[in-house]
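Student: Given next are the chains, with one letter for each unit.
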Amino acid sequence: MNIEMRGIDKSFGSNQVLKDAGFLLKDGEVHALMGENGAGKSTLMKILTGVYTKDAGTIYVDGQEVSYKNPQEAEKAGIVFIYQELNVLFDLTVEENLFMGKEITKKFGVCDKKAMRAKAQEIMDRMGVKIPVNAVMSDLSVGQQQMVEICKALMVDAKVIIMDEPTAALTQSETEALFEVMNALRKKGVSIVYISHRMEEIFELCDRITILRDGQYIGTRNICDITMDDVVQMMIGREIGERFPKRESSIGEEVLRVEGLSHEKLFRDVNFSVRAGEVLGVSGLMGAGRTEIMQAIFGNLPVVSGKIFIEGKEVSIKNPRQAIAAGIGFITEDRKTEGLLLEKSIAENIELANLNKVSKRSVLSRKQGAELVKRGIEEFRIKCFGPEHECGNLSGGNQQKVVLAKWIYTDPKILILDEPTRGVDIGAKKEIYNVINEMAAKGVAVIMVSSELPEVLGMSDRIMVVHEGHITGIIDAEGADQAKVMTLATGGCLA
Amino acid sequence: MNALKNKKNIGAVLGEYGAFIALALLVIVLSIIEPSFRTPSNLMSLLRQASFNGLIAFGMTLVILSDGIDLSVGSVFALSAIICAELLMSGMNAVLAVLIALIAGTLLGAISGLLVTKGRLQPFIATLITMTAYRGVAKIITEGKPISQLAGNASGGDFFFKAMGKGNVLLFETVKIPIPAIVLVVAFLIVYFILTKTTFGRRIYATGSNAKCAKLVGVNTNKIKIACYSISGFLAALAGLLMISRLDSAQPTLGDGYELDAIAAVALGGTSMSGGRGKVTGTIAGVLIIAVLNNGLNIMNVSSYYQEVIKAIVILVAVLSDSKR
Ligand SMILES: Nc1ncnc2c1ncn2[C@@H]1O[C@H](COP(=O)(O)OP(=O)(O)OP(=O)(O)O)[C@@H](O)[C@H]1O
Ligand SMILES: [Mg+2]
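Read top to bottom, the protein sequences are chains A and B. Here the first sequence stands for residues 1 to 495, where the numbers follow the numbering used here. Here the second sequence stands for residues 496 to 820, where the numbers follow the numbering used here.
What the hints contain is simulated information worked out from the structure, not anything from laboratory work. A quick note: this is a predicted structure, and the numbers were derived from the prediction, not measured. Errors might be hidden in some of the hints.
Unchecked claim - Mimicking DSSO-like on lysine-lysine, the simulated pairs with C-alpha atoms at most 27 angstroms apart in a straight line are:
#1 A:LYS357 to B:LYS692
#2 A:LYS188 to A:LYS119
#3 B:LYS710 to A:LYS360
#4 B:LYS710 to A:LYS318
#5 B:LYS707 to A:LYS360
#6 A:LYS130 to A:LYS69
#7 A:LYS357 to B:LYS710
#8 A:LYS430 to A:LYS442
#9 A:LYS357 to A:LYS413
#10 B:LYS707 to A:LYS374
#11 A:LYS413 to B:LYS774
#12 A:LYS313 to B:LYS692
#13 A:LYS307 to B:LYS774
#14 B:LYS613 to A:LYS360
#15 A:LYS336 to A:LYS360
#16 A:LYS246 to A:LYS360
#17 B:LYS613 to B:LYS710
#18 A:LYS374 to B:LYS613
#19 A:LYS159 to A:LYS119
#20 B:LYS710 to A:LYS374
#21 A:LYS336 to B:LYS774
#22 B:LYS613 to A:LYS265
#23 A:LYS336 to B:LYS718
#24 A:LYS374 to B:LYS671
#25 A:LYS113 to A:LYS76
#26 A:LYS246 to A:LYS130
#27 B:LYS613 to A:LYS367
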């Protein structure tokens, strides 16, 4: 199926997010759609599938003009969308999610459980997913939920699949399984629109690439005719220089030390320390327990034993309040459910974490609040209408910037970042790296959990690797490489 | 483009002030078809009527914003009133008796809060339990009988007690403003201030909007919820005391079903029942709409059976037209 979108305009209120945008998808190709956060990629695809209505422009599918009124209509025509923001029913099981609205039935509308279970299992096997089909969604990790979403799309006999940052929450092996499936689909003539901020993936996988900037069509190229630098140039209209900026910080005294931290099941006997001005990268496979260790340090997950020392003194941290009081800031991996009040404004989100700063004797100061928020929006270059922009309507990357801004102004001594650049564009990634470096230069001890190996290698002073709840090694970043980290992450030993 | 913007603004204005517009329309219509409605004395008695539901509804607003619900307010209203009445009958100074009853009401609210937070009960269930229990206790204390001539039995402070619910303040030497209405306005200003200008208010919204996220930035969501239920208890008790002052008697069936009027007022005011979104200005509009309807339909001699149906229709229309729904 080929799709052509021409002259698409779209405004939300007075904010025009697409201006004369276009896109041409050919039969059986994997087509990358790239652009900065807020460039309008998700919006353009949502217009194609009828989630949003366009203000102007035309859409042709196989030469016929179409205008889908809702995603169900698009799905009937064979166009399936895997959303960036997961679209799962958390209280239901994997199987129920897969078959929502397309249950296999026997007579009188009775569900054919057996047939559904078999089909669900078959698809999960094809994807190499090892999740029990009767597991409840809310018990799964974000990565596993994402895999279920992808499986759900494969259930439909799709001619076009749109994947909006599918790998943002996937492990290396899950990503590889996904790529295999995508290659198989391409061979069968299915076209795929692939939205991602991960340059390496795009170059590994895609045939052609279209770039949007500020809601405008910039151009379409064959992947083989173009370099990564060209893509960056097209995306942001300027060079960004080195991908991982150099850090000018001197490493000082030890700020945080963790001794013998153990959880009932998720991790045991965790020992490590971080010093002022140091960035400790934390690597490991998804589900290794990295996030849980950080949650425990922050007092958000109970432990059975272990001690935490801050600046040499033992502290007792039983809840996030005590952690914050002890000087810890924590940027969680899941910004949708834990990082942000999605229905509230940027201002309210930033102020909430900094209520002491923007109030006097519990009474809010409008002026201090406005100043802090303005600073946040400017320093982090958050793309929005203004401080009152609802966070739920920000693009993914900009949401992440709001989360960063709200924590950084609390002046933490220790900053824990869990997947800080997930879903963030290349320019914004660099801005986040700069912020991390600035914090380190100010003497903050930084812990950065990340599943992107190049990022861990490029940004850390030392790298701690976790495997199945165990720390398998803490190595200097100098001299470390992907192979070494992966060896540790899979439970191996370094010779 | 411009037209679109204007259209959106009208929508926003309707959403923001919808309840006030509905209120204004009601008042205008009633004033035209029923001249006795707009007499100062009727309007003042309307305000006095509104103040009981109003106080309760303010507390309800806080609880609902923090993602809860308080079904126990009617029972707290009654039990606090009974406690005050019994203390008066035992010959206590009225000022003291009122203070003790207010503290009792606050504690009764706090118990609901504790059940919700520490007891991990769903708010609906928790307050269904306290609602039933408090009503029962009120009946046990009084053996189901009314208590009357309260002010006469107090040892001192009886002027204060009488004035609370029955008294007026003379404005411009002509308009008599009932004291409960003044209490209502003061309570409104305080709750408005809390919600818009304090860190406590921000924490209430955050708790109701996404408790997980609020906890992670250091908000003690349990404390916030308990505080909301306590304030709700305090305000329900205050309303109950104003009521028995006015009646000069108390009985255990007082305030039966008041929780529903309060919830209706909050809903009319556009507050989201799932928490995190809403304003106390909306609630006051909702309270007044209900009071005007009650009052207007009464003067027009509409049968009370029809009154309920009409009230239901008005609430339905108002809530449906809320653009932010
Ligand atoms: N429902 C909405 N209401 C108002 N504004 C919106 C809405 N959806 C998107 N926007 C705005 O439109 C712009 C484009 O958003 P979009 O989600 O398409 O970006 P994107 O290119 O997918 O970015 P990212 O890479 O961060 O996901 C953003 O500025 C965003 O704030
Ligand atoms: Mg997007």
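Student: Between LYS357 (chain A) and LYS413 (chain A), is the straight-line Cα distance small enough, at 27 angstroms or below?
Tutor: The given pair, whose Cα atoms are some 17 angstroms apart, holds under the 27 angstroms limit.
Student: Taking only the CA atoms, is the gap from LYS307 (chain A) to LYS774 (chain B) under or equal to 27 angstroms?
Tutor: violated, 45 angstroms
Student: Given the hinted pair LYS613 (chain B) and LYS265 (chain A), is their alpha-carbon gap at most 27 angstroms?
Tutor: Cα-Cα ~25 angstroms, so holds.
Student: Please work out if LYS413 (chain A) and LYS774 (chain B) have their alpha carbons no farther apart than 27 angstroms.
Tutor: Violated, because 37 angstroms separates the two Cα atoms, which is more than 27 angstroms.
Student: What's the verdict on LYS130 (chain A) and LYS69 (chain A), does the C-alpha distance respect the 27 angstroms limit or exceed it?
Tutor: Violated - the C-alpha atoms of LYS69 (chain A) and LYS130 (chain A) are around 36 angstroms apart, more than 27 angstroms.
Student: Verify the proposed pairing of LYS246 (chain A) with LYS360 (chain A), using a straight-line Cα cut of 27 angstroms.
Tutor: violated, 39 angstroms
Student: Would the pair LYS613 (chain B) and LYS710 (chain B) pass a check requiring their Cα atoms to be no farther apart than 27 angstroms?
Tutor: Within the cut-off at roughly 15 angstroms; holds.
Student: Would the pair LYS357 (chain A) and LYS710 (chain B) pass a check requiring their Cα atoms to be no farther apart than 27 angstroms?
Tutor: Given that 27 angstroms is the threshold and the Cα spacing comes to 18 angstroms, the pair holds.
Student: Would you mind confirming whether the straight-line C-alpha gap from LYS313 (chain A) to LYS692 (chain B) stays at or under 27 angstroms?
Tutor: With Cα atoms ~37 angstroms apart, LYS313 (chain A) and LYS692 (chain B) exceed 27 angstroms; violated.
Student: Are the Cα atoms of LYS707 (chain B) and LYS360 (chain A) separated by 27 angstroms or less?
Tutor: Distance ~26 angstroms between LYS707 (chain B) and LYS360 (chain A) Cα, so the pair holds.
Student: Need the status of pair LYS374 (chain A), LYS613 (chain B): alpha-carbon distance at most 27 angstroms?
Tutor: With a Cα-Cα distance of about 39 angstroms, the restraint between LYS374 (chain A) and LYS613 (chain B) is violated, given a limit of 27 angstroms.
Student: Given the hinted pair LYS707 (chain B) and LYS374 (chain A), is their Cα-Cα distance within 27 angstroms?
Tutor: holds, 26 angstroms
Hint violations for this structure: numbers 6, 11, 12, 13, 14, 15, 16, 18, 24, 26 and 27, all remaining hints satisfied.
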